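Engineer: Sequence:
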Amino acid sequence: MPRLGYLGTGLMGEPMVMNLLKAGYEVTVWNRTASKCDAAVAAGARRAESPADLARQSDVVMACLTNAAAVEAVLFGENGVAEVTGPEMFIDFSSMDPGLTREFGARLRAANGMGWVDAPVSGGTPAATAGTLTIMAGGSAADFARAEPLMAPLAQKVTHMGDLGAGQMTKLVNQIIAGCTMAVVAEAVNFARVMGVDATRLTEALAGGFADSKPFQLLAPRMATESFENPLGTVAMMLKDLDTIAAVGGAEAELPMTDSARALMQATCDLGHAEDDISTLILTLKGQP
0 MPRLGYLGTG LMGEPMVMNL LKAGYEVTVW NRTASKCDAA VAAGARRAES
50 PADLARQSDV VMACLTNAAA VEAVLFGENG VAEVTGPEMF IDFSSMDPGL
100 TREFGARLRA ANGMGWVDAP VSGGTPAATA GTLTIMAGGS AADFARAEPL
150 MAPLAQKVTH MGDLGAGQMT KLVNQIIAGC TMAVVAEAVN FARVMGVDAT
200 RLTEALAGGF ADSKPFQLLA PRMATESFEN PLGTVAMMLK DLDTIAAVGG
250 AEAELPMTDS ARALMQATCD LGHAEDDIST LILTLKGQP
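Residues 0 to 288 in numbering that gives the first Met the number 0 are what the sequence shown spells out, letter by letter.
Honestly, I wouldn't trust all of these hints.
[What the hints assert, rightly or not] With a straight-line cut-off of 27 Å between C-alpha atoms, the simulated DSS-like cross-links for lysine-lysine are: (1) 285 x 213; (2) 239 x 213; (3) 285 x 239.
[To be verified] Restraint ranges, calculated between C-beta atoms of paired labels, are given here: (4) 2 x 194: 32 to 42 Å; (5) 190 x 141: 27 to 37 Å; (6) 21 x 266: 38 to 48 Å; (7) 262 x 102: 26 to 36 Å; (8) 195 x 155: 36 to 46 Å; (9) 196 x 148: 27 to 37 Å; (10) 200 x 75: 29 to 39 Å; (11) 255 x 200: 28 to 38 Å; (12) 206 x 226: 36 to 46 Å; (13) 156 x 246: 42 to 52 Å.
Just so you know, the hints here were simulated from the structure itself, not pulled from any lab data. These figures come from a predicted structure and were not determined experimentally. Ideal Cβ positions, reconstructed from N, Cα and C, are used throughout, including at glycine.
Using the sequences provided together with the hints, build the complete structure.
Structural biologist: Structure below.
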């Protein structure tokens, strides 16, 4: 079994590492805030001192990081992965601009010969914990063939969408649907509250109908009870993806629903909830900080 390195043990990365360990892989971890690796190390992972140190101990490097700047820093910054010859591939579960993925992929291959598979994920922390993520991947056929078995402990479905960057572009499609749905669920729950309907029973009442969906089932109860602990995903992370959608396609594709969802999420961040659970959208609609 190849030795795996994993960069980024946050909300999504930590449970993904746990599933790789359960599957029997030897995993080395690194996180900018070192203490966020503690749980993974306690479960059997090794702690690296830097991304370069991690790469020296790995045959394949994986990452789930906040944004493109974070990916660039761990790869091409001081003591970065690009300084090390040896690992055969980088599998990136982060969400970022498809054009930057293609640019970074070319830079990494030129630096040390590593391949790149962009493999953004969907399903949030519940799916990351259960090992049932949905992964949409881009990269050469050869790189994807090597990467696919390594993603099996993490996902219920992995789909190769095309060349490098195709996974990221597909994730943007996913985020249009997911982000707009999250905003609409908040609107519906708030409407129920204002109109005197018991919002805590909405998922029971609407289950199986056209209004039902996984985001609705997960988020409506949290919104109805204002239970924001153990975030499923933060407002800032979703807003970052919707901003990327606007930057990538706004000049060519009409995005009226996405623009409305972006505005609601930006307002929620402005109220101080950027790093809070996405369910805090309901607070913005209620007009409370």
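Engineer: Against this structure, judge whether each hint is valid.
Structural biologist: Evaluation of the provided hints:
Simply put, residue 285 and residue 213 have alpha-carbon atoms about 23 Å apart, close enough for the 27 Å limit, and the pair holds. Straight-line distance between C-alpha atoms of residue 239 and residue 213 comes to about 21 Å, which keeps the hinted pair within the 27 Å bound. A threshold of 27 Å between alpha carbons decides the hint, and for residue 285 with residue 239 the separation of about 23 Å falls inside it, so the pair holds. Our hint of 32 to 42 Å for residue 2 and residue 194 is violated, since their Cβ atoms are close to 57 Å apart.
Taking 27 to 37 Å as the suggested C-beta distance range, the pair residue 190 and residue 141 does not conform, at roughly 51 Å. A hinted range of 38 to 48 Å for the beta carbons of residue 21 and residue 266 is consistent with their spacing of about 40 Å. A beta carbon spacing of about 30 Å between residue 262 and residue 102 agrees with the range 26 to 36 Å that was offered as a hint. In this structure the supplied range 36 to 46 Å holds for residue 195 paired with residue 155, their Cβ-Cβ distance being about 39 Å.
Judged by the Cβ atoms, the range 27 to 37 Å given for residue 196 and residue 148 is violated: they are separated by roughly 48 Å. Residue 200 and residue 75 have their C-beta atoms about 52 Å apart, which leaves the hinted 29 to 39 Å range violated. For the pair residue 255 and residue 200, the supplied restraint of 28 to 38 Å holds, since their beta-carbon distance comes to about 31 Å. A C-beta distance of roughly 19 Å is found between residue 206 and residue 226, which places it outside the suggested range of 36 to 46 Å.
A C-beta distance of roughly 28 Å is found between residue 156 and residue 246, which places it outside the suggested range of 42 to 52 Å.
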